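> All chains, please: the whole structure from these sequences, using the hints.
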Amino acid sequence: MTGTPRIWPLVLILAIFSTPLVIMYLYQIIDSVASPDPGSLIPGELDLSNWRFLWERIDSGRPTIWQVTFNTFLFASTTAFLVTLLSTTAGYALSRLNMPGRPYFLGGLIILHAFPTITLIIAIFIILQALGLFDTLLGIILVKAALELPFGVWIMKGFYDTVPWEIEMAGVQDGASRFRVWWELVMPQVKPGLAALLIISFLSGWSEFVLPLVLAPGSSTQVLSTFMNAVIQDDATADFGLFKAIGMYYSIPVIVIYLIFQKQLMNIYGGGTKG
Amino acid sequence: MELRLEKFTKAFGPVTVIQDMDLTVGSGEMMALLGPSGCGKSTTLFAICGIHKMTGGRLYFGDRDVTSVPAQQRSVGVVFQNYALYPHMTAEQNIGFPLKVMRQPKAEIAKEVQRLADLVQIGDLLDRRPAQLSGGQQQRVALARAMIRKPDVLLLDEPLANLDAKLRLEMRAEIRRIQRETGITAILVTHDQVEAMSMCDRIALMRDGKIVQLDTPERMYADPASQFVAGFLGNPPISFLPARAGEQLAIGQSQVLPRPAGLEVQGDIVLGIRPEHFGPQHGQGLHGEVIFVEPQGREELVDVQLDGGGILRAILPTGDPVKLGDRVNWGVSGGNILAFSTEGVRL
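Residue numbers (this note's numbering), protein chains in the order written: chain S, 1 to 275; chain W, 1 to 347.
I should point out that these hints are in silico values taken from the structure, not numbers from a laboratory. This one's a predicted model, so the numbers in the text were calculated from it and none came from an experiment. Don't be surprised by glycine CBs; every beta carbon is placed ideally from N, CA and C. Please note that the accuracy of each hint is not assured.
[Said to hold, decoys possible] So the derived list for chain W, only partly shown, Cβ under 10 Å to chain S, looks like this:
no.: 1; residue: Ile-51
no.: 2; residue: Gly-56
no.: 3; residue: Gly-57
no.: 4; residue: Gln-72
no.: 5; residue: Gln-73
no.: 6; residue: Val-76
no.: 7; residue: Phe-80
no.: 8; residue: Tyr-83
no.: 9; residue: Leu-85
no.: 10; residue: Tyr-86
no.: 11; residue: Pro-87
no.: 12; residue: Pro-98
no.: 13; residue: Ile-148
[Said to hold, decoys possible] Pair by pair, the computed Cβ-Cβ distance ranges are:
no.: 14; chain 1: S; residue 1: Arg-6; chain 2: W; residue 2: Gln-114; range: 56 to 62 Å
no.: 15; chain 1: S; residue 1: Ile-111; chain 2: W; residue 2: Ala-173; range: 55 to 61 Å
no.: 16; chain 1: S; residue 1: Ile-7; chain 2: W; residue 2: Lys-53; range: 45 to 51 Å
no.: 17; chain 1: W; residue 1: Asp-201; chain 2: S; residue 2: Ile-260; range: 58 to 64 Å
no.: 18; chain 1: S; residue 1: Ile-111; chain 2: W; residue 2: Pro-236; range: 44 to 50 Å
no.: 19; chain 1: S; residue 1: Leu-131; chain 2: W; residue 2: Tyr-60; range: 57 to 63 Å
no.: 20; chain 1: W; residue 1: Val-293; chain 2: S; residue 2: Ala-93; range: 56 to 62 Å
no.: 21; chain 1: S; residue 1: Gly-107; chain 2: W; residue 2: Ile-51; range: 24 to 30 Å
no.: 22; chain 1: S; residue 1: Pro-100; chain 2: W; residue 2: Gln-114; range: 44 to 50 Å
Here is the structure:
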C-alpha cells in the first residue's frame, strides 16, 4: 500500500458519487421491514406486514406471488437455456467452420446486438398476434431468446477463438469424429464462457420488463417485473412499503446468483471477448 | 511401414504451394523435411496426416492408397509444435484418448498407457494435468499419445521449437531413441538444420514447394546440390566467395587459389568454403586481416577480411593466439572447396 495517500482524493470523489446509490439501497432494505410516517426518513418500528404478499393475495384480482415467481423463473431459465444452447453451436460454427458469407454474418451480429429492440416491438407484436403466441409465456420466451442471441453467439465465438486449432487437429488425428472433438475436447475449454452466458442470460430474463409488459399483459402470464408495475400503478393509494418489500424479494435471487457465480461472470471479461 | 507421396500437389485457392512432389520414406526410417519457413514442409505434413486435402497426386502407406481416407481413419500419430495436449485431462487420459475413441476395454487402455508412459519415461506423472508438467514432460506425453495407437507413421511438427536449449538437446536424443526402439516410420518437420542432421536418417531439403535435395545428412553436408543447400546446412554457416576461374582461381583483386581437381569451368563462379576448411592448419595461401572473433568455449569463430575483397570464416580451437586486427596468411583445404555457378548450381 505504498500509494495510499494518493488514492484518498479518488476515494473521496467515488464516495460523493456513490453515496446516493448507497442511501437508495439502504432505504430499500430498511423500508421493506419498517413503517415510517409519510415523508419521514426515520424508519419507525419493525413492520413485517409489507411482506404479507408472501402468504396472502394482495387483492383478489391478482395472481399469487408464487405463480408470478414461477412464471419469472420459467421465463428466465428457458430463455437462458435456449440462448446458451444455440450460442454454443452457432459460436462454434462462426469461429471454426469456413462457411460462405461468414464475415457478413459476423457484421450482422454486431449490428443486431447494437439495435435498440424497442423499435421492433410493434412488428414483434404483430408477428406474435399472427402466430397466436400473444399473451403467452412461450411467445415472450422466443422473443427474448431471439433478442439475446446475437450477444450470446458473439461471446461464445470469442471463447471458441481462444481454443487452439491444434487441439482439434490432435483430436481428429486421434481418431475422434468432428462432433466428438467438439463435445469432448473443445467444449470443456469453453465451459467458463458457457457458465457465464447461462447466468447472464438468466439474469437478463429475470429482469426483463418491457417485453412481458407489452407482449404478455394478461395476469396469468405476469412476471415479477410486471407484477410490481401493476402493484404500484393500480392502487388508489400507493403502498410504498409493500412495493419495496416486493422489490427486495425480486432482487434477492439476483444478489445470491452474483455472490455465488462472481468468478464465472468475470470470465466473460477475462478471456471471452477477444473478437 | 513405407510411405510414398506421388505427384503431390497442394493449392490454396489460386496459389499453388506444392507442385508434383515425390517423396518416399522407407519403413522404419526417420526423414526430415527441412527448409525455411514458407517452403511447404508443414503443408506436406498436414496433407500426410489428412488435415489438408491433397489437390492432386496420391499418398500410399505401404500398399494402401490413403489419398481420400479421412484423417480419423489414417493410422498416423502427430506431435504438434505446441503439443496440443487436452488441458482438462490428466496425462493418463491424454495418452489413453485415442484408445478410448477406439472403444478399447478400460483394462487394456490402462495397460497400454503404462507401457507407453514407461517408454517415454513419465510413469510417475500420469495423474498430472498438462499445466502441471514442464515443457519436456508435456512433449513426452504428446509423444506417447501419438504412438499409443501403434500408428503406421509418426509425424513430428517442429517438436523441439518450444523447448529451451538444454532440454532440446535431451529431447533430440530421446525422440531418436524412441523412434529406433519402436522402429516406427517417422517424418520430422523442422527449420533447424542441426535437428534434422542429428536426428534423421535422411533429409529432404525443401524450398518454394520443391525438394531441392534428398540425401543422408553426411552426404548433403559434404556434397550439396546447390548453393542454397550448402548455405542452409552447417553451423557456423559456410562462406561464399566470388571467384574467376582461369589458370587458377582468382579471388578479389589480387589473390589466387589453385584449381581444385575436376573443376572444368571457366569464368565467374562462386566458391563455398566451410569454416573448418580454412585456417592455419591448412597451410598458407590467402592473406587477410582478422575482423571478428567470437569465442564459443571449445572453439572460436574468426572472420577474415581477405586482401582484395571477400570474407572467409574459420573455426579454430580456443587458445589459438588470434586477435582482432591480426594479419594472417592461412590456407584452404583444396579438396573441400565447393564450386557453384553464379546462379547457384553446383559445378
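> For each hint, tell me whether it holds in the structure or not.
Checked hints:
1. Ile-51: holds (5 Å)
2. Gly-56: Status violated, d = 21 Å.
3. Gly-57: With Cβ-Cβ at 21 Å, over 10 Å, it is violated.
4. Gln-72: OK, holds: Gln-72(W) within 10 Å of chain S, min 5 Å.
5. Gln-73: holds (8 Å)
6. Val-76: At 6 Å from the nearest chain S Cβ, Val-76(W) passes the 10 Å test, so the hint holds.
7. Phe-80: holds (4 Å)
8. Tyr-83: holds (8 Å)
9. Leu-85: Since the shortest Cβ distance to chain S is 8 Å, the answer is holds.
10. Tyr-86: holds (6 Å)
11. Pro-87: holds (7 Å)
12. Pro-98: holds (4 Å)
13. Ile-148: Where the cut-off is 10 Å and the nearest Cβ of chain S is about 9 Å from Ile-148(W), the hint holds.
14. Arg-6(S) with Gln-114(W): 56 to 62 Å: holds (59 Å)
15. Ile-111(S) with Ala-173(W): 55 to 61 Å: For Ile-111(S) and Ala-173(W) the Cβ distance comes to about 57 Å; the hint holds.
16. Ile-7(S) with Lys-53(W): 45 to 51 Å: violated (60 Å)
17. Asp-201(W) with Ile-260(S): 58 to 64 Å: holds (59 Å)
18. Ile-111(S) with Pro-236(W): 44 to 50 Å: violated (58 Å)
19. Leu-131(S) with Tyr-60(W): 57 to 63 Å: holds (59 Å)
20. Val-293(W) with Ala-93(S): 56 to 62 Å: With a Cβ separation near 60 Å, Val-293(W) and Ala-93(S) satisfy 56 to 62 Å, so the hint holds.
21. Gly-107(S) with Ile-51(W): 24 to 30 Å: Distance hint for Gly-107(S), Ile-51(W) holds at roughly 29 Å.
22. Pro-100(S) with Gln-114(W): 44 to 50 Å: holds (48 Å)
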